[in-house]
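Respectively, the protein sequence lines represent chains G and C. Going by the UniProt record's numbering, the first residue of the first sequence is number 1, and it counts up by one from there. Going by the UniProt record's numbering, the first residue of the second sequence is number 1, and it counts up by one from there.
Be aware that one or more of the hints could be misleading.
To be verified - In silico negatives: residues of chain G with every beta carbon more than 10 Å from chain C:
1) Asn52
2) Ala122
3) Asp258
As the list claims (entries may be wrong) - Not everything, but these chain C residues come out facing chain G in the computed CB check (under 10 Å):
4) Gly59
5) Thr76
6) Ala82
7) Phe91
8) Gly97
9) Arg114
What the hints contain is simulated information worked out from the structure, not anything from laboratory work. Note that beta-carbon positions come from the ideal geometry of N, C-alpha and C, so glycine has one too.
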Amino acid sequence: MDILLSSISQGLIWSIMAIGVYLTFRILDIADMTAEGAFPLGAAFAASLIANHANPWLATLVGMLGGMAAGLVSGLLYTRLRIPALLTGILTLTGLYSINLRIMGKANIALLNQTTVFSAFARFSNTTQVIIVGALLVAVIMILLVLFFNTEMGLAARAVGDNPDMSAANGVHVANMQIVIYMLSNGLIALAGALMAQSNGYADISMGVGTIVIALAAIIIGEVLVRNLTFGKRLLTIIIGAIIYRLIIALVLWLGVDPNDLRLFYAGLLTVLLALPWVRNRVKTSTRRRLNRQHIATLNAQDNGEEKEHADNDK
Amino acid sequence: MTNNAVLTIRDLNQYFEQGTINETHALQGINLTVTDGEFVTIIGGNGAGKSTLLNSIAGTLPIDAGQVILAGRDITYDDVTARARWIARVFQDPKMGTAQRLSVAENMALAAKRGEHHSLFRIGTPHAARPRFQEALKRLNLGLEDRLDTEIGLLSGGQRQAITLLMATLQKPKLLLLDEHTAALDPKTSATVLHLTNQLVQEEDLTTLMITHNMQDAIKYGNRLLMLDHGKIVVDVAGEQKQHLTVPDLLELFNKASQEEMTDDELLLARDE
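Use the sequences and the hints to build the structure in full.
What follows is the structure, given as structure tokens:
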């Protein structure tokens with residue numbers, strides 16, 4: 001039960017990151033590495049402000065705005081300077097490492113006994129606090145995103161992801177829409193980072209490493225569960241995907257895997273998930289071929305039978 | 001020249017791979033005035049410059065030299081997005097003209113706002129617009145009026161091309177560009193879409209440039225015909241003369257103008273039936 005609850009609490013925070021990654025990954029069709037810099041950026045802002053006794057909600061908001069600024073930088077590099085998307089992310093990510101160190105002043109900030117966004121629910125256990133705040137935030141984010149993508153601007157943004165040429169021909173400012181998505185995406189990712197720091201009780205300079213792999217795994221688990229969904233329902237499956245992912249991790253740790261080996265496991269699991277469409281295809285093809293071989297065997301048997309008949313008649 | 005010109009092109013030159021040995025002078029000093037309500041068909045062999053001309057007008061290709069004026073406004077240095085306010089376009093590939101994962105209604109809503117500001121504070125596909133979209137779809141006679149919420153990528157190429165045409169007229173453009181928009185369709189669907197094109201152009205009184213590979217179609221539709229060859233306009237007929245034009249006439253005109261015999265191969269390709 002404890003494991004389930006803590007997986008849900010962790011999964012809710014990760015799902016905010018996964019939703020952010022989903023925006024660039026599925027709407028713009030870009031795997032944006034900025035995520036791995038924006039996540040610790042949100043954590044760095046939130047942790048250093050909270051350590052200085054700032055309002056935790058304000059600190060979290062600043063973290064999110066920082067992420068949006070990082071998204072703006074990547075978006076500008078990608079759309080205005082036409083730097084390929086993968087390199088854009090790596091450039092911003094690398095630059096952010098120094099910026100995050102500057103913000104934190106050191107590699108690690110502890111948040112023991114500080115007031116965090118979870119403190120409002122202090123009468124509940126730590127896990128329950130995170131679940132309450134996480135669920136509230138996820139609900140608000142989902143409602144806002146669904147609303148946004150149904151506005152004129154949101155519709156234009158979705159069209160840009162689908163068909164930039166057609167969008168431009170209909171007067172959509174393609175680059176601006178791409179930048180908007182970049183900013184929304186990295187804002188959410190930094191928000192997840194800010195919450196994670198408060199939930200874990202510390203911010204660390206290296207906490208972003210491997211996070212995009214976790215987010216992508218959550219997205220793909222959601223997509224494997226149910227295929228072809230509308231945007232709002234898709235966000236729901238991502239949340240479920242993130243929780244399932246945390247359960248898998250909890251199971252792996254319970255089985256006695258060394259936490260130091262976890263990232264290797266993350267990479268392996270995502271590889272398997274990404275290979276699933278190929279595997280599904282192979283299974284389909286080999287089934288079809290097996291059935292066809294039986295079909296051909298029947299045809300052969302019939303032909304042989306007829307030939308024999310002819311031979312008998314000739315006699 | 002009348003003064004109700006919609007499109008004026010002055011000494012338009014386009015080069016590909018300029019400064020290399022592969023340099024091509026794709027458009028060689030095109031001068032063209034299209035007046036209000038003209039339906040111009042454009043023919044020419046491969047590499048004649050038809051698509052280059054259309055891309056230059058739409059803004060897809062930056063202009064190397066010359067001037068493009070649309071409805072009295074110099075748009076030479078405007079990009080595709082800026083020109084979208086006045087120009088609507090249907091591409092050759094049905095996939096190009098619509099956003100595949102969006103529904104029919106969403107695609108139409110986007111097109112209905114062509115060239116306008118996309119507000120954060122207005123609904124993208126307002127419920128109130130649906131009757132209008134349904135009404136428009138009914139004109140296609142393809143039974144699409146009940147499929148407003150279907151993902152457009154699930155429709156056939158012909159259906160999508162018909163919708164793209166309709167989308168181009170939801171917000172009446174100053175100029176409609178059709179770039180071999182039936183070339184990727186089977187002959188029967190192609191004929192249907194062409195018929196629909198003609199109907200829409202007539203009803204909405206749209207100034208139109210239509211590229212086609214098919215000489216018959218070029219003669220049958222429109223009230224002016226241009227033939228391009230090696231980046232130049234070599235034939236330009238309109239009115240009476242255009243009405244009585246036949247394919248042999250056209251070939252003779254071409255041969256006279258370009259002073260080179262069109263080969264049988266080209267003729268076969270051009271007739272393409």
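So, going through the hints one by one against the coordinates:
Against chain C, the non-interface label of G/Asn52 holds: every CB pair exceeds 10 Å, the least being about 34 Å. Look at G/Ala122: its CB is around 37 Å from the nearest CB on chain C, clear of 10 Å, so calling it non-interface holds up. Residue-level check passed: G/Asp258 sits 42 Å from the nearest beta carbon of chain C, beyond 10 Å. Against a cut-off of 10 Å between C-beta atoms, the interface hint on C/Gly59 holds, since the closest Cβ of chain G lies about 8 Å away.
At its closest, the beta carbon of C/Thr76 sits 18 Å from a beta carbon of chain G; the interface hint therefore is violated under the 10 Å criterion. Checking C/Ala82 against chain G by beta carbon gives a least distance of about 8 Å; that is within 10 Å, so the hint holds. This hint holds: C/Phe91 has a C-beta 8 Å from the nearest C-beta of chain G, less than the 10 Å allowed. Checking C/Gly97 against chain G by beta carbon gives a least distance of about 6 Å; that is within 10 Å, so the hint holds.
For the restraint placing C/Arg114 at the interface with chain G, the shortest Cβ-Cβ distance is roughly 5 Å, inside the 10 Å limit, so the hint holds.
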